[in-house]
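Trainee: In the numbering used here, the protein residues as written are 38 to 222.
The hints are simulated quantities; they were obtained by calculation from the structure and are not laboratory data. Just so you know, not all the hints are guaranteed correct.
Said to hold, decoys possible - In silico lysine-lysine, DSSO-like type, Cα no more than 27 Å apart, as pairs:
#, residue 1, residue 2
1, 65, 40
2, 40, 57
3, 57, 190
4, 39, 65
5, 190, 65
6, 57, 39
Said to hold, decoys possible - Computed beta-carbon distance windows for the label pairs:
#, residue 1, residue 2, range
7, 174, 214, 48 to 56 Å
8, 43, 132, 25 to 33 Å
9, 53, 161, 41 to 49 Å
10, 211, 42, 55 to 63 Å
11, 53, 138, 20 to 28 Å
12, 42, 114, 29 to 37 Å
13, 41, 65, 18 to 26 Å
14, 56, 103, 41 to 49 Å
15, 134, 168, 32 to 40 Å
16, 171, 110, 22 to 30 Å
17, 110, 59, 24 to 32 Å
18, 88, 174, 16 to 24 Å
19, 54, 110, 29 to 37 Å
As the structure is a computational prediction, the values presented were derived from the model and not from experiment. The C-beta atom is built at its ideal place from N, Cα and C for all residues, glycine as well.
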Amino acid sequence: MKKLDPFYWYMILAHRQLLKAHLHAEEKIFVFTNINKHRTAQWINLFAAVIIFFALRSVPRADMGSVISALLAPVMVMGGAWFSLSFGAIPARLIDCSMSVTLWMYTGFKVSLTTMFLALGFITPPLLWIVFAVIYLAMDLSSTVYDTADGLKAGLDEAVLKHSRAALIYYNSQGIRVEDENSSS
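Produce the entire structure from the sequences given, and follow the hints as far as they go.
Mentor: Dropping the structure here:
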(Lines of atoms letter the chains of each structure in order from A and count residues from 1; the text may use other names and numbers.)
(Lines give C-alpha, C1' and ligand atoms only; values in the text may rest on other atoms or scores of the structure.)
Protein backbone atom coordinates (compact mmCIF):
# COMPACT_ATOMS: atom_id res chain seq x y z
CA MET A 1 0.00 0.00 0.00
CA LYS A 2 2.87 2.39 0.78
CA LYS A 3 4.13 2.08 -2.79
CA LEU A 4 0.87 3.68 -4.00
CA ASP A 5 0.80 6.41 -1.35
CA PRO A 6 1.99 9.76 -2.78
CA PHE A 7 2.70 11.05 0.74
CA TYR A 8 5.02 8.11 1.35
CA TRP A 9 7.12 9.09 -1.66
CA TYR A 10 6.96 12.76 -0.70
CA MET A 11 8.31 11.91 2.78
CA ILE A 12 10.99 9.59 1.35
CA LEU A 13 12.09 12.42 -0.95
CA ALA A 14 12.06 14.89 1.94
CA HIS A 15 14.19 12.55 4.07
CA ARG A 16 16.59 11.44 1.32
CA GLN A 17 19.66 13.11 2.89
CA LEU A 18 18.87 11.63 6.27
CA LEU A 19 18.34 8.18 4.72
CA LYS A 20 21.72 8.45 2.97
CA ALA A 21 23.46 9.06 6.31
CA HIS A 22 25.21 6.15 7.97
CA LEU A 23 22.45 5.30 10.41
CA HIS A 24 22.32 2.30 12.72
CA ALA A 25 19.49 -0.19 12.22
CA GLU A 26 17.44 1.18 15.14
CA GLU A 27 17.88 4.73 13.81
CA LYS A 28 16.61 3.67 10.37
CA ILE A 29 13.61 2.05 12.04
CA PHE A 30 12.91 5.33 13.84
CA VAL A 31 13.23 7.34 10.60
CA PHE A 32 10.68 5.13 8.83
CA THR A 33 8.39 5.18 11.86
CA ASN A 34 8.53 8.97 11.86
CA ILE A 35 7.95 9.07 8.10
CA ASN A 36 4.78 7.06 8.69
CA LYS A 37 3.77 9.49 11.44
CA HIS A 38 4.11 12.40 9.03
CA ARG A 39 2.24 10.48 6.30
CA THR A 40 -0.69 10.20 8.69
CA ALA A 41 -0.56 13.95 9.38
CA GLN A 42 -0.38 14.67 5.63
CA TRP A 43 -3.54 12.63 4.97
CA ILE A 44 -5.43 14.24 7.84
CA ASN A 45 -4.36 17.64 6.55
CA LEU A 46 -5.50 16.83 3.00
CA PHE A 47 -8.97 15.78 4.15
CA ALA A 48 -9.20 18.86 6.38
CA ALA A 49 -8.03 21.11 3.51
CA VAL A 50 -10.87 19.94 1.27
CA ILE A 51 -13.43 20.72 3.96
CA ILE A 52 -11.70 24.01 4.78
CA PHE A 53 -11.64 25.09 1.12
CA PHE A 54 -15.38 24.61 0.72
CA ALA A 55 -16.09 26.26 4.07
CA LEU A 56 -13.94 29.30 3.25
CA ARG A 57 -15.72 29.80 -0.05
CA SER A 58 -18.78 30.97 1.89
CA VAL A 59 -16.81 33.45 4.06
CA PRO A 60 -17.15 37.02 2.78
CA ARG A 61 -13.87 38.45 1.52
CA ALA A 62 -14.11 41.27 4.08
CA ASP A 63 -14.16 38.72 6.92
CA MET A 64 -11.23 36.67 5.65
CA GLY A 65 -8.76 38.91 7.52
CA SER A 66 -10.47 37.94 10.78
CA VAL A 67 -10.16 34.26 9.88
CA ILE A 68 -6.45 34.71 9.21
CA SER A 69 -5.93 36.68 12.44
CA ALA A 70 -7.77 34.03 14.45
CA LEU A 71 -5.50 31.36 13.00
CA LEU A 72 -2.29 33.11 14.03
CA ALA A 73 -2.68 31.92 17.63
CA PRO A 74 -2.97 28.18 16.90
CA VAL A 75 -0.24 28.36 14.26
CA MET A 76 2.12 30.14 16.65
CA VAL A 77 1.22 28.14 19.77
CA MET A 78 1.14 24.71 18.13
CA GLY A 79 4.17 25.44 15.95
CA GLY A 80 6.13 26.91 18.84
CA ALA A 81 5.23 24.07 21.18
CA TRP A 82 5.98 21.43 18.58
CA PHE A 83 9.36 22.95 17.67
CA SER A 84 10.36 23.55 21.30
CA LEU A 85 9.59 19.95 22.24
CA SER A 86 12.79 18.00 21.81
CA PHE A 87 12.93 14.24 21.61
CA GLY A 88 16.28 14.52 23.39
CA ALA A 89 14.45 15.41 26.60
CA ILE A 90 12.18 12.36 26.31
CA PRO A 91 13.39 9.15 27.97
CA ALA A 92 13.84 6.46 25.32
CA ARG A 93 11.27 4.25 27.05
CA LEU A 94 8.58 6.91 26.39
CA ILE A 95 9.23 7.27 22.65
CA ASP A 96 5.82 5.82 21.67
CA CYS A 97 4.05 8.40 23.81
CA SER A 98 6.12 11.25 22.38
CA MET A 99 5.46 10.01 18.83
CA SER A 100 1.74 10.28 19.51
CA VAL A 101 2.08 13.74 21.07
CA THR A 102 4.19 15.07 18.21
CA LEU A 103 1.82 13.58 15.63
CA TRP A 104 -1.10 15.57 17.02
CA MET A 105 0.93 18.72 17.67
CA TYR A 106 2.24 18.67 14.11
CA THR A 107 -1.22 17.89 12.73
CA GLY A 108 -2.74 20.83 14.64
CA PHE A 109 0.04 23.10 13.42
CA LYS A 110 -0.24 21.93 9.83
CA VAL A 111 -4.05 22.12 9.61
CA SER A 112 -4.00 25.63 11.14
CA LEU A 113 -1.29 26.72 8.73
CA THR A 114 -3.09 25.16 5.78
CA THR A 115 -6.29 26.97 6.74
CA MET A 116 -4.39 30.26 6.98
CA PHE A 117 -2.74 29.76 3.58
CA LEU A 118 -6.08 28.83 1.96
CA ALA A 119 -7.68 31.93 3.47
CA LEU A 120 -4.83 34.04 2.13
CA GLY A 121 -5.44 32.49 -1.29
CA PHE A 122 -9.01 33.80 -1.27
CA ILE A 123 -7.92 37.43 -0.72
CA THR A 124 -4.66 37.72 -2.66
CA PRO A 125 -3.86 37.87 -6.38
CA PRO A 126 -3.10 34.47 -7.97
CA LEU A 127 0.46 35.57 -8.75
CA LEU A 128 1.20 35.44 -5.01
CA TRP A 129 -0.01 31.86 -4.78
CA ILE A 130 3.33 30.67 -6.17
CA VAL A 131 5.16 32.45 -3.36
CA PHE A 132 2.76 31.00 -0.79
CA ALA A 133 3.27 27.53 -2.25
CA VAL A 134 7.06 27.87 -1.93
CA ILE A 135 6.75 29.08 1.68
CA TYR A 136 4.32 26.29 2.54
CA LEU A 137 6.43 23.57 0.91
CA ALA A 138 9.61 24.86 2.57
CA MET A 139 7.88 24.85 5.95
CA ASP A 140 6.55 21.37 5.42
CA LEU A 141 9.80 19.83 4.21
CA SER A 142 11.99 21.46 6.82
CA SER A 143 9.69 20.77 9.74
CA THR A 144 9.19 17.08 8.99
CA VAL A 145 12.89 16.44 8.47
CA TYR A 146 13.77 18.49 11.55
CA ASP A 147 11.31 16.46 13.61
CA THR A 148 12.85 13.21 12.36
CA ALA A 149 16.44 14.34 12.92
CA ASP A 150 15.51 15.56 16.40
CA GLY A 151 13.88 12.20 17.10
CA LEU A 152 17.23 10.51 16.65
CA LYS A 153 18.24 12.20 19.92
CA ALA A 154 15.58 10.36 21.96
CA GLY A 155 16.92 9.64 25.42
CA LEU A 156 20.00 11.84 24.95
CA ASP A 157 19.32 14.07 27.96
CA GLU A 158 18.77 10.96 30.07
CA ALA A 159 22.14 9.54 28.92
CA VAL A 160 23.91 12.86 29.55
CA LEU A 161 22.40 13.01 33.03
CA LYS A 162 23.59 9.47 33.85
CA HIS A 163 27.06 10.28 32.50
CA SER A 164 27.21 13.53 34.50
CA ARG A 165 26.20 11.78 37.70
CA ALA A 166 28.78 9.05 37.14
CA ALA A 167 31.43 11.69 36.46
CA LEU A 168 30.56 13.54 39.68
CA ILE A 169 30.78 10.32 41.71
CA TYR A 170 34.18 9.60 40.15
CA TYR A 171 35.43 13.15 40.78
CA ASN A 172 34.30 12.97 44.41
CA SER A 173 36.06 9.61 44.85
CA GLN A 174 39.24 11.23 43.54
CA GLY A 175 38.94 14.19 45.89
CA ILE A 176 38.07 16.63 43.11
CA ARG A 177 35.47 19.14 44.29
CA VAL A 178 33.54 20.36 41.24
CA GLU A 179 31.60 22.90 43.32
CA ASP A 180 34.87 24.56 44.43
CA GLU A 181 36.02 24.97 40.82
CA ASN A 182 32.68 26.41 39.70
CA SER A 183 32.40 28.87 42.60
CA SER A 184 35.83 30.40 41.86
CA SER A 185 34.88 31.40 38.33
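Trainee: Compare the structure with each hint and give your call.
Mentor: Verification of the supplied hints:
{"no.": "1", "hint": "65 <-> 40", "verdict": "holds (18 Å)"}
{"no.": "2", "hint": "40 <-> 57", "verdict": "holds (20 Å)"}
{"no.": "3", "hint": "57 <-> 190", "verdict": "holds (18 Å)"}
{"no.": "4", "hint": "39 <-> 65", "verdict": "holds (17 Å)"}
{"no.": "5", "hint": "190 <-> 65", "verdict": "holds (13 Å)"}
{"no.": "6", "hint": "57 <-> 39", "verdict": "holds (20 Å)"}
{"no.": "7", "hint": "174 <-> 214: 48 to 56 Å", "verdict": "holds (55 Å)"}
{"no.": "8", "hint": "43 <-> 132: 25 to 33 Å", "verdict": "holds (27 Å)"}
{"no.": "9", "hint": "53 <-> 161: 41 to 49 Å", "verdict": "violated (32 Å)"}
{"no.": "10", "hint": "211 <-> 42: 55 to 63 Å", "verdict": "holds (57 Å)"}
{"no.": "11", "hint": "53 <-> 138: 20 to 28 Å", "verdict": "holds (26 Å)"}
{"no.": "12", "hint": "42 <-> 114: 29 to 37 Å", "verdict": "holds (30 Å)"}
{"no.": "13", "hint": "41 <-> 65: 18 to 26 Å", "verdict": "holds (22 Å)"}
{"no.": "14", "hint": "56 <-> 103: 41 to 49 Å", "verdict": "holds (43 Å)"}
{"no.": "15", "hint": "134 <-> 168: 32 to 40 Å", "verdict": "holds (38 Å)"}
{"no.": "16", "hint": "171 <-> 110: 22 to 30 Å", "verdict": "holds (24 Å)"}
{"no.": "17", "hint": "110 <-> 59: 24 to 32 Å", "verdict": "violated (42 Å)"}
{"no.": "18", "hint": "88 <-> 174: 16 to 24 Å", "verdict": "holds (21 Å)"}
{"no.": "19", "hint": "54 <-> 110: 29 to 37 Å", "verdict": "holds (33 Å)"}
The structure fails to meet hints 9, 17 from the earlier list, while all remaining hints are met.
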